[in-house]
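Enquirer: Kindly generate the complete structure, drawing on both the sequences and the hints.
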Amino acid sequence: MTDTDDKCVQKYVVSTDRSGDIHVHVQGDLSQQDKRCVFLTVHDLGTNHTSMVDFVNSPAMSEIKERSCFIHVDVPGHEENSPDLPESYPFPSLQTLGEDIVTVLDFLHVSYAVGLGEGAGANVLARCGQAHPRRLLGLILVNCTASTSSVADAFRSRFSRWRGADISQSEEDFLIYHKFGHQISSDSCEVAERERMLAEYRSRLRGNLNTHNIKQYVRAFIHRKDLILRGCRPDILLITGMQSPYAGVVEKMYKELDKDKVTILKVDKVGDVLAEAVRNLNPAKL
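Under my numbering, the first residue of the sequence shown is numbered 1, with each subsequent residue one higher.
The reader is advised that the hints may include incorrect statements.
In the PhoX-like style, the derived pairs of lysine-lysine whose C-alpha atoms are separated by at most 20 Å in a straight line are [to be verified]:
#, residue 1, residue 2
1, Lys266, Lys252
2, Lys35, Lys65
3, Lys65, Lys11
4, Lys266, Lys255
5, Lys252, Lys225
6, Lys215, Lys225
If you anchor each label on the Cβ, the simulated ranges turn out as follows [as the list claims (entries may be wrong)]:
#, residue 1, residue 2, range
7, His109, Ala199, 42 to 52 Å
8, Ser203, Lys259, 38 to 48 Å
9, Ser58, Arg36, 10 to 20 Å
10, Ala192, Glu63, 32 to 42 Å
11, Lys225, Lys261, 18 to 28 Å
12, Ala275, Gly248, 36 to 46 Å
13, Phe107, Asn81, 18 to 28 Å
14, Ser15, Lys259, 36 to 46 Å
No lab work stands behind these hints: they were computed from the structure.
It should be emphasised that the depicted structure is a prediction, and the values quoted were computed from it without experimental measurement.
No residue lacks a Cβ here, since even glycine has one placed at the ideal position from N, Cα and C.
Expert: Now the structure itself:
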């Protein structure tokens with residue numbers, strides 16, 4: 001066990017059967033887990049656990065932070081300054097990740113937790129909740145997508161407005177759409193501002209994160225199988241920003257689920273919910 005730069009966060013490496021080593025960052029005192037709520041988090045594409053740490057550390061989350069513990073998972077190869085995943089390593093599917101991630105709870109001697117995931121990470125945790133319903137008591141899924149075809153169709157139609165009809169569905173293209181679809185497809189976004197925003201994002205991607213490994217996660221997300229949440233035992237809170245490229249997909253998912261088990265929170269005028277609307281996700285709503 002070693003400390004990260006944040007002295008309140010402790011780092012572990014957990015070996016799983018099929019997904020390899022998973023780097024885990026614990027925020028809070030797990031020895032008090034019988035008195036606190038434990039959250040298991042999985043990040044979205046193009047980032048790592050730091051996005052979740054930043055969210056938890058935001059002033060609006062101070063109340064829930066004081067009475068909770070957070071277990072932040074880095075998807076394989078997404079820890080800071082990670083080397084390239086070896087060619088011999090088959091990057092796990094979202095289904096495999098979801099089934100394997102329970103090993104983190106076993107390793108840390110955590111009986112059960114609440115899943116908190118964004119985007120691709122929400123999909124992973126939903127699959128974990130299906131496979132291990134006794135270990136995840138609830139699921140908070142931000143911009144979670146269930147089907148594959150609807151997302152691909154949205155990508156083609158909206159991204160073409162920005163780049164023209166002849167587009168290449170590369171991993172970076174998809175990642176930009178996934179993160180900024182509500183802005184790059186908006187006529188109100190100035191061209192100069194759009195280019196500046198995208199340049200800054202590309203620069204961050206080339207920082208401490210390994211772009212080769214990021215692409216593996218993007219491919220796993222693009223090629224995932226449909227997520228069937230009907231009959232899922234944990235209670236579910238779906239959260240989406242109304243300007244998110246996935247807002248319609250999340251609303252469709254909500255309509256198809258048992259209303260006794262699922263609630264939806266729609267945040268107006270934002271797309272990137274965790275970054276843009278932290279105050280709307282206060283402890284009372286979580």
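Enquirer: Take the hints in turn and mark each one as holding or not.
Expert: Hint-by-hint comparison with the structure:
1. For a cut-off of 20 Å, the pair hint linking Lys266 to Lys252 stands: about 13 Å separates their Cα positions.
2. Only pairs whose Cα atoms come within 20 Å are accepted, and Lys35 paired with Lys65 is accepted, the gap being roughly 13 Å.
3. Between Lys65 and Lys11 the alpha-carbon distance is near 18 Å, which keeps this suggested pair within the 20 Å criterion.
4. With a C-alpha separation of about 14 Å, the suggested pair Lys266 and Lys255 falls inside the 20 Å cut-off, and the hint holds.
5. A hinted pair counts as satisfied when its Cα atoms are at most 20 Å apart, and Lys252 with Lys225 qualifies at roughly 17 Å.
6. Straight-line distance between C-alpha atoms of Lys215 and Lys225 comes to about 18 Å, which keeps the hinted pair within the 20 Å bound.
7. Hint check: His109 to Ala199, Cβ distance near 45 Å, so the stated range 42 to 52 Å holds.
8. Evaluation of the 38 to 48 Å hint for Ser203 and Lys259 yields a pass: the beta carbon distance comes to about 44 Å.
9. In this structure the hint that Ser58 and Arg36 lie 10 to 20 Å apart at CB holds, the actual value being about 19 Å.
10. A hinted range of 32 to 42 Å for the beta carbons of Ala192 and Glu63 is consistent with their spacing of about 40 Å.
11. The beta-carbon spacing between Lys225 and Lys261, approximately 22 Å, falls within the hinted interval of 18 to 28 Å.
12. The supplied range of 36 to 46 Å is broken by Ala275 and Gly248, whose beta-carbon atoms lie about 20 Å from each other.
13. For Phe107 and Asn81, the Cβ-Cβ distance of about 23 Å falls inside the hinted range of 18 to 28 Å, so the restraint holds.
14. A C-beta distance of roughly 40 Å is found between Ser15 and Lys259, which places it inside the suggested range of 36 to 46 Å.
Going down the numbered hints, you'll see the structure goes against just number 12.
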